Structures are given as structure tokens and as C-alpha cells.
Amino acid sequence: MSGFADYAKLDATALRDAVVSKRTTAAAVVEAALARIAALDPRLCAFSSVLAESARERAKELDFALARGEPAGALCGVPFALKSNMCLEGVEAHCGSKILAGYRPPYTAPFVQRLLDEGAIVVGTTHMDEFAMGSSGENSAYAVAKNPWDPARTPGGSSSGSCAAVAARMVTFSLGSDTGGSVRQPAALCGIVGFKPTYGRVTRYGLVAFGSSLDQVSPFTRSCRDMELVMSVISGADEHDSTCLPHPPIDPDRSDSVRGLRLGVPKEYFAGGLDADVRARVEAAIQQLVALGATTVPIELPHTEYAIPTYYVVATAEASSNLARYDGIRYGVRKPGDGSLQGMIAATREAGFGPEVKRRILLGTYVLSSGYYDAWYVRALKVRRLIRNDFDAAFERVDLIVCPTSPTAAFELGEKSDDPVAMYLSDVMTVPTSLAGLPAVSVPCGKVSQGGKALPVGLQIIGPSLADARVLRAARVFETATKHQSELYALDLSALEGAAR
Amino acid sequence: MTQTEVDIVKKTATLARLELGEAEIAKFGEQFGRILEAFQKLSKLDVSGVEPMTGATALSDVLRDDRAKPSLERERALSNGPKHDGEYFIVPKTIGGDA
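So the protein lines, in turn, are chains P and Y.
Counting from 1, position 153 in the first sequence corresponds to residue 153 in the working numbering; the numbering is continuous, with no gaps.
Heads up, the working numbering is the position in the second sequence plus 1000, with the first residue counted as 1.
It cannot be assumed that every hint is accurate.
Quick look at which bits of chain Y chain P covers, simulated, 3 or more residues with Cβ under 8 Å [said to hold, decoys possible]:
| no. | segment |
| --- | --- |
| 1 | 1041-1049 |
| 2 | 1055-1066 |
| 3 | 1083-1091 |
Derived lysine-lysine pairs resembling DSBU-like cross-links, with alpha carbons at most 35 Å apart [said to hold, decoys possible]:
| no. | chain 1 | residue 1 | chain 2 | residue 2 |
| --- | --- | --- | --- | --- |
| 4 | P | Lys98 | Y | Lys1093 |
| 5 | P | Lys22 | P | Lys9 |
| 6 | P | Lys416 | Y | Lys1041 |
| 7 | Y | Lys1011 | P | Lys382 |
| 8 | Y | Lys1027 | P | Lys98 |
| 9 | Y | Lys1010 | P | Lys416 |
| 10 | Y | Lys1093 | P | Lys416 |
| 11 | P | Lys98 | Y | Lys1011 |
| 12 | P | Lys382 | P | Lys335 |
| 13 | P | Lys335 | Y | Lys1044 |
| 14 | P | Lys416 | Y | Lys1083 |
| 15 | P | Lys382 | Y | Lys1044 |
| 16 | P | Lys382 | Y | Lys1010 |
| 17 | Y | Lys1027 | P | Lys416 |
| 18 | Y | Lys1093 | P | Lys335 |
| 19 | P | Lys98 | Y | Lys1010 |
| 20 | P | Lys335 | Y | Lys1083 |
No lab work stands behind these hints, which were simulated from the structure alone.
This structure is a prediction, so every number in the text was calculated from the model and none was measured.
Virtual Cβ for every residue (Gly too), placed ideally from N, Cα, C.
Make a model of the complete structure from these sequences and hints.
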């Protein structure tokens, strides 16, 4: 069976239309996706597993159902990928870690099930930084995903593979998880759309925990209308997660205007450390929004400089607690050690965790330990409140906040991997929103030229709590009015085809 | 790297059930010092009277109906365990030794 020729040219909305209107079949779409993965992934290393057989089977079922005239789901026939920290029954979810090698979840996460129920077809799982700890994908125990715009560079992290898979148009959308920017930063670095919803919009049941008060399932798409569609499917109440909000699924805004919207421009995000070319693209994007009828208001978020240390105290504390469960007893790999219970646990963790995970477990254990708890952990929680208060005060005067997603374009693999402090600083634009639990999108806003390569830049749009639909509307209006989305489709990947990793 | 940093890393590793080698202790000790130094700015902020923010939602006391319903079957719950006997996870002896 040959693949659908237009596969890589369409977003999820258009691809579903093509399947439902019988211009193609789900089977042909899946063949096209598998062929593209086979051609490109040896070089890009986005996929940890490719589920060819089950994808083909599911496509056949969907085609039969369509032929019988059954109603088509909202994502009928659309191929997608999962970050390998998400539960799909029977499919290895190793979280990029040796300690979970061979772990096959006994159940499917509700946010995955909702996609499957709407006819989306899962074609694979993707590489990631171990336990989502990293900003470049380099902390994977398995393989390091590459940026399709320049394979010598990072696609960003920690959802590196899920992002590269969408940017290279191997899948039409994918799921990542965003704890401190792990979807927005890679989306910016790969020229696609990445959205972290308001904390609690999507259930965390079936997402392997890293920082429980921060983690949110967050999709990658190639268009903003696709993001609205995917979010309307995966968001909404779930009794399995007591932090999941009782609100109905996100209902896309019907408006297609930003007229009258007040956009806050935080001066702290345009200070030192921001690449001059990135700054120019983002400022131009804000001017485009003004030309479309929005107004700008200078604002201050005075505690921004405290966000990185606050985040790395809170997130590592939560991680050290969450990762205590990897003890070689209920799942994963076991090492005998000296034969005692404690010896077995310590040997298992020593062999199973990579350096960044150990570093964060140590840091988190330290800030939670007796004598340091108040000075570090409780103090960080108080500063977290101050950071949230900054946003609350700003949103009394503005409807949305606009700023860069990442201070730089994609950096080279290896450039920061030996310097944890430098790597942590690459999250400076995304962690404040995560700490505050607010919705934020990264949408492509042009390219910069670096080292002879054209590299994408992302505009970040942040909203008040629960204003997810407003954030996505503004992004969609911006996308429609500019041509940045078409740049992704123009990216020629033929040079990467067939090359070995 | 100071002796204090080495001691902190060793003590914390024990608490975290991590069996670090000497080379790892040295590397983490040095990085630990730099990370904590970079984080010192938190201690310079006045946070008196600020309520700690322990979660990102305003939800509290989330309850569900207390109804009995099926949960994961034993076989599937055990399926990922490195060692089990079909009924229980098996761990090294915990009583009677020095564990």
C-alpha cells in the first residue's frame, strides 16, 4: 500500500478532513508516516519505538468504520507520538532512563485514551531527557534527538523527540510534558507550536511524575488551530487526579481578532542574556500584533530573577520525593548490591539513574533535609508565591503577556552539557509561568541566522489562570496574519534522508 | 571543593539511597557548591509574612464517592516487578539481618 502523497504538507485539521472526505485513507496516511519515519529518523533519533503494526491495524479499523458510515472522531486518521514518560498499555515507557528499561505500563493514561477515542493513531514513543530533566535531550540514557533545522543542534528539551518528530513532519502532532518549559522551549527551537495549559487542565494520571505541582501534559502541533483541537480533546476533569480541575474541556475561542487586547511587555524578559537577533524577531512580532489591533503596556515582573533558583529548589524537592519509588521492587531493573534490602535499593538506584537525575535527587533531598528545609524549601515556596503575585498584579492591567520563549535560538549539542548552571539558565523565560501555573504558548515568529543556519525563534504568549482559549486565540491570529508557519513546510529535509545516526 | 561539600554530598546521598562512587562524589560536590552559590540570592529576599505556595491550583479537599470498584488485577500489577511469586513482590530479607 502506498502512502498519502500530501501527508507532510497538512496539519491535523486538514489531514482529518482528507481522511473523512475519502480523499485518502487512514491506512495510506499511516504508510506515509511510517515511510517518513524510516527515511528521516535514522538521522534525527526522535523515536524510541515505532508501533507500525498496531498503527496499521488501527488505520484499517478506522477505514472500515468510515466505509460503514460511522461518525468520524475529531482526529480521525491523524498519526501522533507520545513522549516515553506516558502510559500506553503494554508499550515500553522507559522515561529515558535505564532504571525503567522494559517497563510496560499496565494501563493507558486517560489523556492518551481520549485521543485514541477520537480516531488519532499512535505511531510511536519518543526520546527524552531522563525523567524529563534537561533542556536539550542530551540526558537520555538511550539516544539524543536532533534538531531538523540543523542536526548538529539540540531540538530543545526535555520533550526533544516529540518536538523533532512534529518539526520534521514525521507525525502530525505529539504529546510532551512541560514542567519548567520542556514543551515551549523545544517548540521555539524547532519552529512549531507548543502549549502548556493552566496547571490542572489535563489529568496527570498516566504521566510519570517529575515535579507534581508543575508537570502538565502539553502538546506539540504545527498550527494553532490544531493546538485548539488537541487541547479540546485531552483537557477536562478526571477523577484519577485530584489536582485536575473540574472545569469542562477547553472550548476554542470563536473570535479571530486581537483587536483591543492589552499586551503586557515585561521589561525583565528583554534584559541582558537575551540574544540580540532573537530580541529583534520578538519585538517585530509584538509590533505585528499591534498592527492587528492589540495595544502594548510596559509591565514589571520584579521577582523574575528569582525564578530559576526557586524552580530548581521546588522541582528537585518534588523530584527527589517522586523518584523515591524507584527501588527495584515494583518495576524496572534490580541490582542485588550486597544482598541486603537497603544495599539492593542503593545499588539499583546507582546503576539505574544517570548523572543529571542523581544531581537533582541530591539537590532535592538536601533542600528537604532536616536543618535546611525552612532555609531552602519553605523559602522557595514563599518566593514562588511572590512570583505568582507579580503575574496577578500584571493581569489586573493587561489581558496577555508577550515575551520570548527562549533567550537564544537552538544551541549546539554538547555546548552546555557539562555545565548544569548554564543549562538551567536556558529555562529562564519559561519557569516563571510554570511556577505560577499559568497557560503559555510558544508560536513561531521568524528565524535568525547563526553559523550559516536559519534557526527558528518563538514568541511566548502567557495568559491569566484558565484563559487558555484566549492565549491560543491570540497565537492563532498571529499565525494567520504572518507566514512563519509556511516556513516549516518549506524546510527541505532531503539531505537528512537515509543517513545513519 | 571543600571538605564540607564532600560531607554534604555523602550524607545526602545516604538519605537519598544513592551509592555514589568517589569520582561522582567529587564531581557532584564541586557542582553542588556552584549551584547552591547561584541560588544564594533566594536568601537575600524578604519573605516575612508571605504564605508558602504549595500547589498551583486553588483546589482543596478533593473527594470522590466512596464506592467499591475494580482496580488493577494482581497479575498486571505484578507484571513489571523484577521478582515476584505470582502473589507478592519478593524483596531481600528485611528482618534478622543488618538491613
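Hint check:
Coverage of the segment 1041-1049 of chain Y by chain P holds [criterion: at least 3 residues with CB-CB distance below 8 Å; count 5]. Requiring three or more residues with a Cβ within less than 8 Å of a Cβ of chain P, the coverage given for the segment 1055-1066 of chain Y holds, as 6 such residues are present. Here's how the segment 1083-1091 of chain Y fares: 3 of its residues keep a CB closer than 8 Å to some CB of chain P, so the rule of at least three is met and the hint holds. For the proposed pair lysine 98 of chain P and lysine 1093 of chain Y, the alpha carbon gap of about 25 Å is at most 35 Å, so the pair holds.
Note on lysine 22 of chain P and lysine 9 of chain P: the hinted pairing holds, with a Cα-Cα distance of about 17 Å set against a maximum of 35 Å. At most 35 Å may separate the alpha-carbon atoms for a hinted pair to count; lysine 416 of chain P and lysine 1041 of chain Y meet this at roughly 23 Å. Between lysine 1011 of chain Y and lysine 382 of chain P, the direct Cα distance comes to roughly 27 Å. Compliance with the 35 Å bound is thereby established for this hinted pair. About 21 Å separates the Cα atoms of lysine 1027 of chain Y and lysine 98 of chain P, which keeps this hinted pair within 35 Å; it holds.
For the given pair, lysine 1010 of chain Y sits about 26 Å from lysine 416 of chain P by alpha-carbon distance, which is consistent with the 35 Å threshold. For the given pair, lysine 1093 of chain Y sits about 44 Å from lysine 416 of chain P by alpha-carbon distance, which is inconsistent with the 35 Å threshold. At most 35 Å may separate the alpha-carbon atoms for a hinted pair to count; lysine 98 of chain P and lysine 1011 of chain Y meet this at roughly 25 Å. Our distance criterion of 35 Å between C-alpha atoms is broken by lysine 382 of chain P and lysine 335 of chain P, whose separation comes to about 40 Å.
Pair hint lysine 335 of chain P plus lysine 1044 of chain Y does not hold up; C-alpha atoms about 44 Å apart against a cutoff of 35 Å. For a cut-off of 35 Å, the pair hint linking lysine 416 of chain P to lysine 1083 of chain Y is broken: about 39 Å separates their Cα positions. Between lysine 382 of chain P and lysine 1044 of chain Y the alpha-carbon distance is near 13 Å, which keeps this suggested pair within the 35 Å criterion. Of the supplied pair hints, the one linking lysine 382 of chain P and lysine 1010 of chain Y holds, its CA atoms being roughly 29 Å apart against a limit of 35 Å.
Note on lysine 1027 of chain Y and lysine 416 of chain P: the hinted pairing holds, with a Cα-Cα distance of about 16 Å set against a maximum of 35 Å. Simply put, lysine 1093 of chain Y and lysine 335 of chain P have alpha-carbon atoms about 15 Å apart, close enough for the 35 Å limit, and the pair holds. The suggested pairing of lysine 98 of chain P with lysine 1010 of chain Y holds, with an alpha-carbon distance near 23 Å, which does not exceed 35 Å. Straight-line distance between C-alpha atoms of lysine 335 of chain P and lysine 1083 of chain Y comes to about 11 Å, which keeps the hinted pair within the 35 Å bound.
Going through the hint list in order, the structure does not satisfy hints 10, 12, 13 and 14.
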